[in-house]
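Keeping their order, the protein sequence lines are chains A and B. According to our numbering, the first sequence is numbered sequentially starting from 3. According to our numbering, the second sequence is numbered sequentially starting from 25.
Looking from chain B toward chain A, a few residues come up when the C-beta cut is under 10 Å (computed):
| no. | residue |
| --- | --- |
| 1 | R33 |
| 2 | R341 |
| 3 | A348 |
| 4 | A351 |
| 5 | V352 |
| 6 | L432 |
In silico negatives: residues of chain A with every beta carbon more than 12 Å from chain B:
| no. | residue |
| --- | --- |
| 7 | R24 |
| 8 | G28 |
| 9 | E43 |
| 10 | H151 |
| 11 | Y221 |
Keep in mind the hints are simulated off the structure, nothing from the lab. Glycine is no exception: its CB is placed at the ideal position from the N, C-alpha and C atoms.
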Amino acid sequence: MTGGISADNPEPLIRLANVTKRFGTGEAAFQALKGVDLDIEQGDFMAVMGPSGSGKSTTMNILGCLDVPSSGSFLFRGHHVEHLGRDQRALLRRRYLGFVFQGFNLLARTTALENVELPLLYRGEDKRVRYQMAMAALDKVGLGPWAKHTPAELSGGQQQRVAIARAIVTHPDVLLADEPTGNLDSERSIEIMELLTDLNRVSGITVLMVTHEPEMAAYARTIVHFRDGLVHSIERKAA
Amino acid sequence: MTGQVSTTRLIATTALLAVRAIRRHVLRSFLTVLGIVIGVFAVVTMVTLGNGAARSVHDQVSGLGANILAVLPGTATGRGGGGETPPPFKPEDVDAIRDPIGGVTAVAAQAQASATAVFNAANWPTTVNGTSDAYLDAQNWKLTDGRRFSDQEEQAGKSVCLLGTTVTKNLYVGQEPVGTTLRLGSISCTVIGVLATRGQGGFGQDNDDTVIMPLKAVQRRLTGSRDIRAIIVAADPAYDSAAVQESIAALMRQRRNINGGKLDDFTIFDSKQIADTLSSVTGMLTAIVSAVAAISLLVGGIGIMNIMLVSVTERTREIGIRLAIGAVGREVMLQFLVEAVVLSCIGGLIGLVLAFFTTLGLSALLAIPFVFDPLTNIMAFAFSGLIGVIFGYFPARRAASLNPIDALRHE
Numbered sequence: 003m004t005g006g007i008s009a010d011n012p013e014p015l016i017r018l019a020n021v022t023k024r025f026g027t028g029e030a031a032f033q034a035l036k037g038v039d040l041d042i043e044q045g046d047f048m049a050v051m052g053p054s055g056s057g058k059s060t061t062m063n064i065l066g067c068l069d070v071p072s073s074g075s076f077l078f079r080g081h082h083v084e085h086l087g088r089d090q091r092a093l094l095r096r097r098y099l100g101f102v103f104q105g106f107n108l109l110a111r112t113t114a115l116e117n118v119e120l121p122l123l124y125r126g127e128d129k130r131v132r133y134q135m136a137m138a139a140l141d142k143v144g145l146g147p148w149a150k151h152t153p154a155e156l157s158g159g160q161q162q163r164v165a166i167a168r169a170i171v172t173h174p175d176v177l178l179a180d181e182p183t184g185n186l187d188s189e190r191s192i193e194i195m196e197l198l199t200d201l202n203r204v205s206g207i208t209v210l211m212v213t214h215e216p217e218m219a220a221y222a223r224t225i226v227h228f229r230d231g232l233v234h235s236i237e238r239k240a241a
Numbered sequence: 025m026t027g028q029v030s031t032t033r034l035i036a037t038t039a040l041l042a043v044r045a046i047r048r049h050v051l052r053s054f055l056t057v058l059g060i061v062i063g064v065f066a067v068v069t070m071v072t073l074g075n076g077a078a079r080s081v082h083d084q085v086s087g088l089g090a091n092i093l094a095v096l097p098g099t100a101t102g103r104g105g106g107g108e109t110p111p112p113f114k115p116e117d118v119d120a121i122r123d124p125i126g127g128v129t130a131v132a133a134q135a136q137a138s139a140t141a142v143f144n145a146a147n148w149p150t151t152v153n154g155t156s157d158a159y160l161d162a163q164n165w166k167l168t169d170g171r172r173f174s175d176q177e178e179q180a181g182k183s184v185c186l187l188g189t190t191v192t193k194n195l196y197v198g199q200e201p202v203g204t205t206l207r208l209g210s211i212s213c214t215v216i217g218v219l220a221t222r223g224q225g226g227f228g229q230d231n232d233d234t235v236i237m238p239l240k241a242v243q244r245r246l247t248g249s250r251d252i253r254a255i256i257v258a259a260d261p262a263y264d265s266a267a268v269q270e271s272i273a274a275l276m277r278q279r280r281n282i283n284g285g286k287l288d289d290f291t292i293f294d295s296k297q298i299a300d301t302l303s304s305v306t307g308m309l310t311a312i313v314s315a316v317a318a319i320s321l322l323v324g325g326i327g328i329m330n331i332m333l334v335s336v337t338e339r340t341r342e343i344g345i346r347l348a349i350g351a352v353g354r355e356v357m358l359q360f361l362v363e364a365v366v367l368s369c370i371g372g373l374i375g376l377v378l379a380f381f382t383t384l385g386l387s388a389l390l391a392i393p394f395v396f397d398p399l400t401n402i403m404a405f406a407f408s409g410l411i412g413v414i415f416g417y418f419p420a421r422r423a424a425s426l427n428p429i430d431a432l433r434h435e
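Here chain A stands alone, though its shape is the one from the complex (with noise of 0.2 Å):
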């Protein structure tokens, strides 16, 4: 089955149409998405997997609103976002979208606080918002009291998790998920997949994720299958 779009789900949370994404020009250009359509709805979890150079980065960095697509739709709530400058897309990011990485990427030397509380700087909150906000998210993910340690304190699986809980400090729409549990072992990697399960059921986050483990994209609803710059297959478990 190819992907495509549900009749039965007029507005999705996030629709690509025909999404087209082109590197390069000329010889050495470079045709990474050949024409993408994905509906994504509310509230789902959604695994994406592919060899390297499937597109599934491209297509993660186009969903992230980190990149735009060189031809296509992609409508974000039922609005045309495609288009959108850089400062807009930026805006977009800080409202709607939280993002966790493989290299858990805080900042060094910061706190898990001043970590987490970054997002919320950049939103103009103020300083006793930003405590009470970076606190609580602190507490979802388990590290209330690990708020003054800096990352160099912290082991891999509290790092990634206080990147979790930047990513949702701002209770975004969107949690995009890189390879999240790509440097931990096993068993860190099951508390921080049990962990976006527990945001995505309760919290209700949408959360999109990267993986290359099997193991990892069960967690998931949907498990979206890439491949030469398509969508391959799309496999729903049942509710």
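We have chain A; now place chain B onto it with these hints.
Chain B in isolation, oriented as in the chain A frame:
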């Protein structure tokens, strides 16, 4: 889809981020601003010391009270050799100036001789000035002890004297000079007064290394002639000193038969002109040294740009994180710009504090007044901030223009 944050909010936020970033790298931050510290320190120190020196000159001149003109035989720009020696002044010349010229408040003749002053076992080579009370009036020179010459002592050329503090210091230990008798060369002389300390003159000579006697006493007993070395004229500050100078010159030409195309065989020095020249020389030196110091401030700015550029590269990933989280380019740029400005302002502040204490110490050491000029300090501080803006702009723009995907991938 969402509102932007107000600019003031933005600056407050970025300032906080900048301060956090600086705090995280204290040593690096300090090394970054060292150039600014040295630059501001150098400029402010030089200007402050220069102002002190200028004030010192000014104080000495205004301490003289009235405007002083010194009339000397010979030409200042003497061609050397050849012509005949210009005739010295006579006491009649002095009397001639006193009466007809407006604006003259005091006229004193001066004869000079070198002699060794001896008191008990101590001796001190010094300069003996033969003159009158008018000399003290002209220079606003006070006594700390004793009295001045009486008319009778001046008329008769009595062997009495006033001592400068340098002479007193070197001859009298634990004894009051007034009333004692000291020997000057071959003559003996009664001390009737001690002069107040006057300090260094404009050319560094010690004004206090002198013994003052009545003119006639010096002429008769030390120089052995009626010649007068110089005529000291005090002019009323209300009068134009150049006009007074010209009147005296005209009178002297008449008395010395200089007419037609003949050149003056005397010179008139104006203390005001000398002071002005000294002031302008001091000011020029200050300006030159300050300009050199300002170059180091510029070099400091380049240092900041250098480190900020390295910092942008080093913190590429951090910038990527900030952009991914939703910072707009403007915010990242502002953060780096604010960081540069905060850094250079901190550097400027450290430089100002260092300069303050250094100039305080050096002023005391060089015996010049400490002149704290708020404007100089504010300007130097503002300039260091400006350097932060100028040299922080380029790295900040580079940071803001990074692509978040590439920045996040950066190792």
